[in-house]
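Chain order of the listed sequences is A and B.
Number 47 in my numbering belongs to position 18 of the first sequence; there are no gaps in the numbering.
Number 418 in my numbering belongs to position 208 of the second sequence; there are no gaps in the numbering.
This list has only true hints and no planted wrong ones.
Label-pair ranges, simulated between beta-carbon atoms:
id, chain 1, residue 1, chain 2, residue 2, range
1, A, K178, B, P505, 24 to 30 Å
2, B, R325, A, P91, 34 to 40 Å
3, B, P357, A, G51, 30 to 36 Å
4, B, A551, A, E204, 38 to 44 Å
5, A, N272, B, S565, 29 to 35 Å
6, A, G51, B, P301, 51 to 57 Å
7, A, E204, B, A509, 43 to 49 Å
It should be emphasised that the hints constitute simulated quantities derived from the structure, not laboratory data.
Heads up, the beta-carbon is just placed ideally off N, CA and C, and yes, glycines get one too.
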Amino acid sequence: MAGQGPLLAIEDLRTVFRSSAGDLPAVDGVSVSVAPGRTLGIVGESGCGKSVLSLSIMRLVPRPGRITSGSIRFDGRDLLTLSEGEMRGLRGGSIGMIFQEPMTSLNPVHTVGRQIIEAVSAHKDLSASAAKDVAIDALRRVRIPAPEKRFEEYPHQLSGGMRQRVMIAMALSCEPRLLIADEPTTALDVTIQAQILDLLKLLQQETGMSIILITHDLGVVAEMADEVAVMYAGRVVETGPVNAVFGDAQHPYTLGLFGSVPRLDGENQSLLAIEGTVPPPFALPPGCRFNPRCGFASDRCRSEMPLLRPLGPSHQAACWHAPVEAEFG
Amino acid sequence: MSAPLLSVRDLEKHFPVERGVIFSKVVGHVRAVDGVSFDLAEGETLALVGESGCGKSTTARLVLRLLEPTGGSIRFAGQDITRTPASALTPIRRAMQPVFQDPYASLNPRMPVGRIIAEPMEVHGIGDDASRRARVEELLRLVGLAPYHAQRFPHEFSGGQRQRIGIARALAVNPRLVVCDEPVSALDVSIQAQVVNLLKDLQQRLGLSYLFIAHDLAVVRHVSDRIAVMYLGEIVETAPKSALYGAPRHPYTQALLAAIPVPDPVRRRAQAALGGDVPSPMNPPPGCRFASRCPHVVARCREERPKLRPMGEGHLVACHRAEELPIPAIPSLAPHPPSPAVARRLALAAERRVSP
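Using the sequences and the hints given, assemble the complete structure.
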């Protein structure tokens, strides 16, 4: 949205894991931002650093990982300078989070209602009956039928889709301004995924919250996101408005992802697979990290790391040879 | 047309549900597979598609005789194998091999890859040590790995490479049928494409037949000749690929296709998502099992269970209203080619592919 500052702005963030081989960067110089009421999609494959990025925003990176530099400004404050107590007030409060596995994120020995009340009480000083009202209202808002009955049930009595609704209800009970959704529909069947995505869109319209959606699924990003950041080996390789990244994809890795997806509207004879695998953080190649898997790679790519540079309105890619047709066409 | 390689008729698998600790008694049955019939021709790929709990994996296990069927029959290469005793199954198992979903759990972490791949040959008494070693090298090359990988252990490989090892093991005894249970769903999309390309290439070179279990209809369109859509233990629609994607007739197939998000932001899914959850397979509804979620339900659907009926060339549909219902426009099936700029770059990338 023009004229409005971002709700969350990450600048040059670096999160490393300490090991005997030195500091291994899982997130290496990432800058992304999300405006109020908008959705940022972060796409990438296993090991690209997208989940460590989301944990870094919450300052929940597990040891031996730590954030070594950069800033994370949320609503004008740098989260990296807050005390642990202040941070605890934000987690589950102004910043909500939902994860991929709704079964392991819920406590199996407590009722759904009790767990939502626990989340609410951590951030609001409410009487027992008022907290229960808030919890039941949260279940109703995520369109769970018969919320009073579900309130008394245990997680194992719910289906996967219902459990993810409960997680969303819990995140929403404290009216977050930012929701971080890390692969929220990956464990769900496709018809249930569609329900959850519809629900997230609806709730965003109702509350005006921003969403950071982390996923490996290009279809989910295309459907949900306003802006997209494509990550590879700890870095953002392409970013921009969703229509630009999909309609004018520039980075060979982004193109590789598109070529790998089997199409539902017809047959691509042979999938354009990206050969090789994502390099682990202890074996990053010099220069562009994608160069060993890239058909356009030159000597420069093998020695000098490309930075993001503008290729269209707010559209950037980190490739020495973009647009590739100018040089190779 | 010659006789099918695999022919399954009215296959059933009911799992008893027991209650009580000391005096346990059966309180019901989960009808995991409830009257499934299909044929698979030599050299063909048939996909069984559906969501969790629809019975597709149980069907695969029944075909492999890893589970005992409750009812129905399985004919493989002209022989009824439904009740073949375990002792007589060995030669049959040699001709049908599985590839499993999880490349982490399906390889023994204590065995070097060479032994993993040689083991089926040992079990079936094929060749001697030297010839088996040569065959392992040949298989490793066949699946895109290198002979020196035989000395390594599974943990040294990535998910995609492990799936290649699993495929090499399945091919070690020259099977005619490979039962692939979600072979690519645990893999990242770029790796998934590598494995899908490999499976297609192997089929052409070796004349394999695949029974391909999957939930991803886009992958299925890419690999299969015919598709059977399952819901709650039953096949609700089966058709050649072009008919299923060109004119899906069952409301569940339509909903399944419509729910897939399209990787193109200008074609976002417009329809409301299918409501509700899959009912429990313990007490399936008496009529059509999809009735509780179907947007086109009428009274008859709740009373009478629809049978698969022919609706054209090889197209069978189990829906009372299949003839009268119009085929909706499904946005995910409408052509959504990449933009000219992206198409041009993809073509350049294809020309300049890095060799594996």
